[in-house]
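Could you build all of it, start to finish, from the sequences and the hints given here?
Number of protein chains: 4
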Amino acid sequence: MEKIRVGIIGAGRIGQVHAKSITYHIPQAQLVAISDIYEEGAKSVAAQLGIPNYYKDYHKILEDPSIDAVLICSSTDTHADIACEAAAAGKHIFCEKPVDLTVAKIKKVIDAVDKAGVKLQIGFNRRYDHNFAYIKQLENNGKLGSLQTVKITSRDPEPPSIDYVKVSGGIFLDMTVHDFDMARFIGGEVDEVYANATVMVDPAIGEAGDVDTALVALKFKSGAIGVIDNCRRASYGYDQRLEVFGSKGQASAANDTPTNVAFIDENGSVTDKPLYFFLERYMQSFTDEMTEFIDCVINDKPTKTTVYDGLEALRLGLAAKKSVAEHRPVKLSEIEGC
Amino acid sequence: MEKIRVGIIGAGRIGQVHAKSITYHIPQAQLVAISDIYEEGAKSVAAQLGIPNYYKDYHKILEDPSIDAVLICSSTDTHADIACEAAAAGKHIFCEKPVDLTVAKIKKVIDAVDKAGVKLQIGFNRRYDHNFAYIKQLENNGKLGSLQTVKITSRDPEPPSIDYVKVSGGIFLDMTVHDFDMARFIGGEVDEVYANATVMVDPAIGEAGDVDTALVALKFKSGAIGVIDNCRRASYGYDQRLEVFGSKGQASAANDTPTNVAFIDENGSVTDKPLYFFLERYMQSFTDEMTEFIDCVINDKPTKTTVYDGLEALRLGLAAKKSVAEHRPVKLSEIEGC
Amino acid sequence: MEKIRVGIIGAGRIGQVHAKSITYHIPQAQLVAISDIYEEGAKSVAAQLGIPNYYKDYHKILEDPSIDAVLICSSTDTHADIACEAAAAGKHIFCEKPVDLTVAKIKKVIDAVDKAGVKLQIGFNRRYDHNFAYIKQLENNGKLGSLQTVKITSRDPEPPSIDYVKVSGGIFLDMTVHDFDMARFIGGEVDEVYANATVMVDPAIGEAGDVDTALVALKFKSGAIGVIDNCRRASYGYDQRLEVFGSKGQASAANDTPTNVAFIDENGSVTDKPLYFFLERYMQSFTDEMTEFIDCVINDKPTKTTVYDGLEALRLGLAAKKSVAEHRPVKLSEIEGC
Amino acid sequence: MEKIRVGIIGAGRIGQVHAKSITYHIPQAQLVAISDIYEEGAKSVAAQLGIPNYYKDYHKILEDPSIDAVLICSSTDTHADIACEAAAAGKHIFCEKPVDLTVAKIKKVIDAVDKAGVKLQIGFNRRYDHNFAYIKQLENNGKLGSLQTVKITSRDPEPPSIDYVKVSGGIFLDMTVHDFDMARFIGGEVDEVYANATVMVDPAIGEAGDVDTALVALKFKSGAIGVIDNCRRASYGYDQRLEVFGSKGQASAANDTPTNVAFIDENGSVTDKPLYFFLERYMQSFTDEMTEFIDCVINDKPTKTTVYDGLEALRLGLAAKKSVAEHRPVKLSEIEGC
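Quick mapping for you: the protein sequence lines, in order, are chains Y, H, S and V. Counting along the first sequence from 1, when you hit position 308 you're at 308 in our numbering, and nothing is skipped either side. Counting along the second sequence from 1, when you hit position 275 you're at 275 in our numbering, and nothing is skipped either side. Counting along the third sequence from 1, when you hit position 180 you're at 180 in our numbering, and nothing is skipped either side. Counting along the fourth sequence from 1, when you hit position 103 you're at 103 in our numbering, and nothing is skipped either side.
Which copy is meant is left open, so a pair is good if it fits within one copy or across any two.
Listed below are the simulated DSS-like cross-link pairs for lysine-lysine, each with C-alpha atoms no more than 27 Å apart in a straight line:
1) K119 <-> K301
2) K136 <-> K301
3) K97 <-> K108
4) K43 <-> K20
5) K166 <-> K248
None of these hints come from the bench; they were simulated from the model.
Here is the structure:
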């Protein structure tokens with residue numbers, strides 16, 4: 001078998017996750033190069049994983065004709081431009097979320113990808129989570145009947161730094177965007193969004209123009225109802241749950257925990273808190289999404305999570321922001337699309 | 001000890017529940033009389049439980065000077081009038097929910113009770129449920145810290161008859177009203193309501209002018225956020241859960257089930273569905289609320305669940321109806337109060 | 001309907017439990033008299049529950065020709081003699097466990113009951129526990145296939161007083177006897193017993209000639225295997241579980257708890273300890289066994305839990321004692337039967 | 001850092017597991033060679049993982065002076081001889097369980113290892129299981145108080161082939177041996193064993209001279225009690241649980257499952273069966289034990305799981321066999337040791 005030759009643009013935390021997945025778990029792919037504007041970072045990862053080439057400038061990767069596919073793991077503001085360049089260079093693309101925080105730039109990516117005829121998969125890894133994927137499977141198998149209510153709980157163990165909050169695009173584009181994608185993954189297209197939002201974790205988040213606790217009510221085009229509740233801080237850790245209620249049954253995913261041990265004494269029965277944060281909870285899903293991407297490239301299958309999914313998650317985030325700003329339900333059709 | 005002498009107005013299902021609680025579990029009270037417009041019903045319950053007197057006309061109960069307290073368990077449309085008469089007769093009052101479907105009539109009850117100086121407790125029995133009461137206790141003990149999100153799931157095993165739906169006042173006044181009270185019990189006063197509602201269980205419910213699936217987003221005056229999701233039918237039965245998320249921790253109440261047995265075979269591990277319906281799930285709470293009412297009367301304590309609580313639950317229901325009708329968030333202050 | 005007329009011999013804790021069951025929950029039966037050698041006790045229960053007659057001498061009950069059935073709730077050493085007298089008097093008998101601590105006296109009861117043609121039910125209430133009864137039902141329905149392993153965990157929240165330990169007959173006759181009955185209820189007749197026993201809770205129990213921690217390995221005649229583990233003290237309370245493993249599946253009963261609430265914070269997720277002790281855990285089962293007894297008397301059905309069950313549980317206890325004393329597996333056939 | 005150079009003897013299932021752990025997860029070690037009597041197997045693994053050398057004859061590995069440590073993953077009957085040779089060659093040794101099925105040969109290994117002064121770790125990987133290791137940690141932290149009862153459930157999803165059964169040494173040496181090690185890991189040294197055993201899964205197992213369902217009662221030297229229940233087939237899969245009861249509390253490990261999803265409909269609430277078999281359930285533990293072995297070699301620490309642990313687990317298995325054969329409790333002191 002000819003191996004797919006892959007380059008990684010961005011050697012930070014998520015770039016390393018993907019680099020390890022390919023090195024250790026995906027024999028059909030081979031890492032050829034890694035780049036990072038912080039060249040030492042790229043060098044270090046290359047050394048650790050035996051990647052033959054490392055660069056400061058990602059163009060070196062795009063210019064290498066032996067490379068079939070690139071993983072865009074650089075900072076968010078660079079995603080769209082690099083994706084357009086990579087498409088122009090004929091590379092298949094795996095792009096980390098979010099593609100961009102503006103609809104306009106995502107449009108450009110869509111055009112570039114269409115024109116080049118390359119594949120693009122967005123890194124919505126939660127679709128590959130063992131629990132959520134199983135619920136999707138129950139839905140696909142008709143076990144749930146027609147969907148009526150989709151409930152997503154998504155709380156972080158700690159808020160990000162205020163510096164990050166200021167450039168994050170706000171909770172709806174930064175954090176809820178994953179939940180919006182999950183809502184669409186399960187419930188299909190959304191018709192309308194209404195968001196309640198408040199500052200209860202840290203006043204500094206409010207001063208930075210953002211909120212830290214939110215509830216988003218959704219109406220799906222199917223007529224079903226959805227709700228997402230978010231918080232930037234849960235004292236007990238990373239709370240990631242999904243409940244799907246349909247005419248035939250309900251499926252709910254509990255949190256994953258480090259162990260299944262119950263300790264009981266005079267204070268009650270104690271079990272573990274959730275796994276610490278996204279790297280622990282969703283580790284397997286990162287490998288699984290990459291496996292699927294490589295499979296799509298090798299076997300020329302369409303990717304299941306496309307740039308369009310990135311666009312729609314962004315539009316839902318923008319609708320939620322507008323709902324809070326204007327204090328009313330907002331139709332998704334009010335938000336510019338492609 | 002002198003026993004409190006009690007009369008029951010209405011010998012239907014809930015009247016019988018209270019009659020049994022007093023007969024079997026509350027030695028401090030004694031049933032003296034029961035009335036029902038269907039006299040045979042009153043007669044039968046009286047015979048079964050050894051109640052000395054039964055009547056067709058509830059006025060006989062109000063006119064009996066030996067009776068200290070009455071339980072109003074008649075049809076909803078009669079609650080307010082009987083409560084006013086009972087107050088005028090100097091009887092302490094336990095009144096089933098809802099007090100009335102109009103604010104105006106509840107006002108009259110408030111006036112009558114104030115003037116007479118009698119006690120009035122509303123039958124919001126879920127406040128006495130072992131699970132929910134324990135969560136309230138955790139909240140009171142400061143275990144949850146400051147409240148951020150209150151989530152209530154409330155689904156019935158089967159929708160009521162279409163005839164009932166037509167006179168019920170709609171899902172928000174008939175079903176969600178209990179959840180509104182629970183929301184206030186846990187989260188305090190509500191500032192604003194936004195409701196999504198749809199017909200997904202039975203088109204006939206829609207034709208009758210009601211909805212069967214709903215999601216209500218709440219803003220509490222404290223700044224906390226709430227959500228109630230309702231459905232008139234869950235394939236797996238009566239789904240009654242509460243989750244309270246605060247700065248220090250989260251408490252969640254799972255459904256009660258007939259047994260704690262897990263059966264595991266090649267199809268997976270199977271545990272029980274929830275207890276069938278409200279009589280099974282909330283049976284103990286009916287006894288406990290009655291025990292508290294009798295205690296309030298005997299020891300001249302203020303009742304904890306007052307007609308004001310009935311009023312506020314009604315106003316939340318009216319706000320939810322208005323939110324659906326006008327498709328916008330509705331401030332509770334827009335709804336006439338007292 | 002003619003009500004069954006019942007007399008209770010013994011007005012202590014368990015006598016009161018049965019008195020309340022009949023008064024409040026079994027309309028087909030009527031309490032006519034109660035006796036206790038401590039006459040004030042009988043008087044007080046009679047007053048509380050409206051029982052027309054109370055006596056110091058239980059013979060008054062046996063001599064009352066209007067009484068159909070008696071409940072023997074007196075001290076263990078009196079059970080067998082009273083049962084014989086009651087049978088001779090033509091009364092149907094509900095007898096608390098254990099019937100006696102000797103095989104010889106149980107034989108006399110068997111003879112007396114056979115001769116008189118009256119019914120006798122032993123108070124092995126755990127057979128009526130909602131969890132265990134459901135497992136029995138799964139077994140009867142063939143869901144478990146052929147039984148392979150029966151595992152019973154039975155631990156008390158606190159050891160009894162040393163004075164009680166001294167006259168109790170030892171842990172196997174006093175505590176494990178319930179578990180032996182459960183083992184037979186689920187697994188059928190036992191062929192052989194091997195017991196490990198030790199003193200780990202309180203040296204005083206050892207000094208009194210008893211043990212406080214034990215493990216009993218069983219071989220059933222069917223070829224299946226069983227194990228009972230006991231302890232006189234569990235720090236977290238009353239631990240009563242059953243696991244049945246068969247060729248088609250496994251059923252396990254978890255402990256019942258006061259609430260179904262999970263509280264989660266930085267220390268983990270905490271749920272309730274088991275219900276405090278047997279009165280709380282098995283309360284419903286006491287009512288259910290009495291309902292069945294009354295039904296057997298009224299409708300002339302054979303009782304399901306007979307004096308023979310009492311005898312066999314005793315023999316298993318004696319076999320376990322012998323196994324510890326002689327440090328070897330003991331065939332049940334080595335223990336005198338009837 | 002100088003990497004430890006490792007050779008693997010045996011390229012079968014477990015050899016591959018360790019090869020992958022070292023390749024992917026243990027940067028401190030480097031695979032230099034792999035051997036297998038089926039040379040193509042060694043070649044294939046070498047190719048897949050980039051191991052520079054593969055051999056048919058393991059002596060090539062022992063003769064390579066650059067190799068620091070060997071992993072003995074060949075068939076059981078070769079373990080002891082190879083271990084002696086490896087010790088003589090000055091290699092540190094990781095040896096799969098069981099070391100041997102005879103005490104005599106294990107003695108030789110002990111002598112050889114002592115003489116050579118090399119490290120030897122036995123592959124009792126379950127000690128590294130996240131659940132069981134956490135219970136051990138609770139024990140070490142004093143959370144359980146003094147141990148009273150250790151209960152191990154260990155059931156396989158399917159029995160091995162009859163051909164395997166015939167050469168396996170019997171259930172106690174082949175399957176229970178892991179549970180005996182777990183019993184010692186948690187409860188310390190064992191004083192006495194009593195075993196019940198029967199054939200309930202497949203008569204052919206009985207005809208092959210073995211049993212398929214067993215219960216082993218243990219007395220620890222501490223005075224605590226233990227029980228192991230085994231079955232060669234559980235309809236619902238691989239059942240691996242541990243419950244440890246002490247004076248201060250109880251810890252219990254439930255099975256790991258593929259997902260945490262509960263699906264509820266009119267048939268009840270269904271959750272996953274356990275993970276399929278030992279490779280799935282204990283995968284992480286294989287990596288963790290290898291990480292510790294490499295750490296012991298690099299940092300010259302004593303291994304925690306020694307050949308003595310292998311010996312004692314074997315002696316417990318032999319005691320259990322003797323107990324069944326002689327139908328009596330057997331002191332461990334009756335079994336020849338070192």
